[in-house]
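Following the working numbering, the residues of the sequence shown are numbered contiguously, the last one being 177.
Source of the hints: derived by calculation from the structure; they are not laboratory data.
Accuracy of the hints is not assured; some may be wrong.
Think about it this way: if two alpha-carbon atoms lie no more than 30 Å apart in a straight line, the pair counts; the simulated BS3-like pairs of lysine-lysine are [said to hold, decoys possible]:
| id | residue 1 | residue 2 |
| --- | --- | --- |
| 1 | K119 | K88 |
| 2 | K117 | K96 |
| 3 | K156 | K96 |
| 4 | K119 | K156 |
| 5 | K156 | K117 |
| 6 | K88 | K156 |
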Amino acid sequence: MPQPDWYNVGLKLFITRGDTVLGLTDPESGNLDLPGGRINGDELRAPFERIIAMEVKEELGPGFKYGLSHPLLPVAAFRIHKPERKLKVFLVGFHARWLSGEPVISYEHSAFEWVPVAELQGRMKNGGFADGARQFREWFARDFRK
Numbered sequence: 032m033p034q035p036d037w038y039n040v041g042l043k044l045f046i047t048r049g050d051t052v053l054g055l056t057d058p059e060s061g062n063l064d065l066p067g068g069r070i071n072g073d074e075l076r077a078p079f080e081r082i083i084a085m086e087v088k089e090e091l092g093p094g095f096k097y098g099l100s101h102p103l104l105p106v107a108a109f110r111i112h113k114p115e116r117k118l119k120v121f122l123v124g125f126h127a128r129w130l131s132g133e134p135v136i137s138y139e140h141s142a143f144e145w146v147p148v149a150e151l152q153g154r155m156k157n158g159g160f161a162d163g164a165r166q167f168r169e170w171f172a173r174d175f176r177k
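Construct the complete structure from the given sequences, taking the supplied hints into account.
This is the structure:
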């Protein structure tokens, strides 16, 4: 019988401005990342919208404004291999539209850029992120741009 597994759960945002998505650079790996992060233990019962708002303010600054879309979008599951531990992460993606303000990035990232949706998957080095980017690109082309 299959056994249940344990994961860190994270919320990530595909923030679009026209036909581009906001990408952030992870300073450790240099890989492209998306705004958002893992749900902390004290946030278990918090609404996703509140967790996302805190992450955006922390990572992009208080002047960055966005409009969150519903419903949920692509998900990704992957492992992070670090010398001290192996983490299994399950990410839930949301779409948001950029409204105003430029990102003022925190210590968690070293740069930002607006990446064309069509190029996002190829720019994601992590397999789980790349699969989520593929799903987002397909949804964006099929449902969002109509």
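Evaluated hints:
no., hint, result
1, K119 to K88, "holds (26 Å)"
2, K117 to K96, "violated (34 Å)"
3, K156 to K96, "holds (27 Å)"
4, K119 to K156, "holds (17 Å)"
5, K156 to K117, "holds (18 Å)"
6, K88 to K156, "holds (25 Å)"
Violated hint: 2 only; the structure is consistent with all others.
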